[in-house]
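Turn these sequences into a full structure, and let the hints steer you where they fit.
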Amino acid sequence: MLSNTSRQAIVAAVFSLGLAGNTGAATAAELVFWSMWNEPEPQAAALRQVMDAYTAANPETTFKVVWNGRQNQTKLRAALQAGTPVDFMDQDSDQLAGGLQKEGLGHDLSADFDQATRDAFLPGALELFNADGKIIQVPYVYNTVNFWYNKDMLAEVGGTVPATFDDLLALCGTVKAAGKSALVIEGNVAFYNVLYFSHYLARENGAGALGKVFEDKSGDSWKTPAVLAAAKATRSLWDQGCIAEDARGFQYPAGQQTIALGDTLGELVGSWLPTELTESAGTDFPWGAFNFPAVKDGVGKSTDIEVGLLSMMVLKDAPNAQEAADFVKYVGSEEAQKILVEASGVGVTRKGVAWPAALADAYTSAEQATALSPFGGGLGVAYPEFTSTILNPEYNMMFLGQTTPEEFVETMAAKTKEYWAAQ
Amino acid sequence: MSDFISARGIKRCVSYLVVGGWALFSVFFVVWVVLASLKRNRELFGSPLSIPTSPQWGNFVKTWVNNRFGDYFINSLLVTSVSVIAILIVAVPAAYVLSRGRFRGREALSSFFAFGMGVPFPLLFVPLFVMMASMRLADTLTGLTIVYVALSIPFTIYVLEGFFSSLPSELESAAIIDGCSDVQVFRHVMLPLAGPGVATVAILNFVGLWNEYQLSLVLINSPENRTLSLGIYSLITSMQYSGGDWASLFAGVTIVMVPTLILFVILSEKMISGITMGGVK
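Top to bottom, those sequences are chains E and V.
Mapping the first sequence onto numbering that gives the first Met the number 0, position 149 (from 1) lands on 148, and the numbers just tick up by one.
Mapping the second sequence onto numbering that gives the first Met the number 0, position 6 (from 1) lands on 5, and the numbers just tick up by one.
Incorrect hints may have been included.
Only part of the chain V face toward chain E is listed, based on derived beta-carbon distances under 8 Å [unchecked claim]:
1. Val129
2. Ala137
3. Gln239
Across the chosen pairs, the derived CB separations fall in these ranges [what the hints assert, rightly or not]:
4. V/Leu16 <-> E/Met396: 51 to 61 Å
5. E/Lys101 <-> V/Arg101: 57 to 67 Å
6. V/Val29 <-> E/Thr116: 50 to 60 Å
7. V/Gly69 <-> E/Thr73: 41 to 51 Å
Bear in mind the hints are in silico, worked out from the structure with no lab data behind them.
Where a beta carbon is used, it is the ideal one built from N, C-alpha and C, also for glycine.
Right under this line is the structure:
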């Protein structure tokens with residue numbers, strides 16, 4: 000019962016499709032990208048350049064971007080429930096691993112990454128958040144956790160980069176003698192402060208040690224001498240005068256600003272610090288970075304590092320999954336990674352692409368890495384609730400002097416046992 | 000008598016101290032934020048309590064233009080103004096009828112609106128998003144305005160019911176004897192009398208919606224549709240990874256504060272008389 004007009008329209012459409020098929024014309028795809036960046040940020044501008052470069056080479060593929068900012072995953076979850084079509088997105092890798100990836104909402108990209116493509120990534124970066132060997136997310140920005148310091152100040156006080164934890168304590172004395180503080184912390188950022196503990200434990204027992212301690216369901220692993228030693232050693236940073244007493248009260252970003260102001264030598268934090276302090280420290284600040292040093296009798300290597308990656312993920316129900324996968328693969332190419340470095344000043348995941356000058360030490364750290372762990376030894380990825388509600392606050396209280404290391408390990412043993420009993 | 004005076008004097012003195020201290024505390028932080036918005040970042044952290052040596056008006060330009068606060072300001076102004084007007088159009092007559100009318104189910108209806116105030120917004124996020132998306136109103140300022148109006152009505156009706164109840168019924172009766180219809184009584188007699196109450200709910204709704212964050216975070220995605228509170232949040236979160244321009248952030252906070260401060264300056268007397276109205280009937 001179709002009208003003549005409708006019949007003509009259908010015939011025309013079928014004819015057009017047939018024509019397109021015969022000539023082999025590529026299907027036009029507008030990829031919908033939900034991003035963790037805000038439009039005015041340099042990273043957004045860099046990604047826009049990458050997309051433009053891709054479209055120039057593949058005119059049939061265009062992009063529609065929603066610059067959501069850091070709440071991207073949260074917003075996306077609500078949008079997906081409402082059936083909003085999205086092809087790919089980006090977010091902090093550990094958040095993705097504990098979020099959309101864990102919920103099975105990522106598209107398997109394993110088949111799109113041949114061995115040569117996989118080998119082009121810096122050691123361990125692509126595999127860090129693999130799920131059962133499958134590539135679900137692809138990291139494109141790389142942040143290392145190191146001691147970030149003022150190179151000029153280190154030279155002025157006559158110090159050297161510490162190779163061991165004892166060297167670090169000795170350096171604290173040298174810096175203090177010069178009237179400065181060696182280290183600073185943010186009293187209210189517990190997950191920064193836990194980095195001391197997770198690193199020390201990893202140097203004692205090897206990479207991922209904190210996770211292994213927690214996964215002992217009896218909770219007894221917390222009571223082992225190594226764990227108590229790690230708690231005591233990190234607490235000793237205060238006793239040895241490494242950290243200025245008033246830092247206990249610092250609220251982010253007060254602590255890190257003391258580095259820019261020349262009052263403190265450095266901080267254990269991610270390689271985003273130079274960027275975060277650009278406004279205060281200037282672009283010519285003499286940044287240096289060194290890994291958490293080795294500890295006496297420890298089996299962990301000082302080249303085992305904790306990292307914070309930013310990844311792209313193609314969504315399982317993406318309308319243009321294959322086209323999105325091709326683009327995500329392109330983001331890891333030398334051309335795209337160079338654009339990211341030059342336009343946004345970030346560290347990237349591809350081997351051989353030099354990072355900005357301020358991050359040169361971090362690139363070395365990433366290139367020489369023997370093992371990678373997410374922040375805080377990765378506990379926050381596998382057990383985010385326990386980490387944020389128990390480990391981080393309990394450790395912070397101990398670190399800031401409100402409880403003793405002995406009380407900390409006892410509490411953690413009890414809480415761990417309680418946690419597993421409730422599962 | 001002297002005992003009474005001294006006791007009253009001490010009481011008054013304590014009251015002044017508490018209120019004065021509170022006012023000083025609030026004013027100090029507002030002034031600090033404004034001063035911080037005029038500093039360089041290094042000066043902000045190096046001398047947090049100083050007066051800016053050379054005021055950086057460029058921070059405001061940077062925030063207004065680069066961080067698109069100009070767009071967000073217009074969005075916020077549009078959404079909040081339209082919402083407040085719509086809320087008043089719906090809630091004022093409804094509150095009048097619920098407070099003065101006599102009909103079956105009035106109390107149940109009043110309780111129903113009061114119940115609406117007790118529903119936690121986070122519980123509504125997903126259903127609201129789904130409904131808005133199905134009506135193609137997600138990520139639109141129209142959708143956000145509709146949600147704001149719907150969710151503000153219970154509170155507004157609840158407050159206005161109290162105001163209308165406190166008005167003397169003799170005036171209403173006199174108007175009816177003079178030949179006014181129900182609508183005329185409302186329009187020409189009761190509404191003007193409820194002016195302070197209406198101004199109060201208008202200000203409270205304006206301030207509440209101007210600063211609203213959670214619903215707009217869920218319902219708005221496109222940067223061009225962001226409201227000021229989302230703009231502030233995106234500025235804060237972009238400190239991580241992209242660099243901390245804290246002075247510009249304080250410029251943004253100052254921009255957010257200005258309309259509510261102006262509104263308070265203009266309407267504070269009406270608002271105070273509205274709040275104290277019930278106590279002197």
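Hint numbers contradicted by this structure
4, 7
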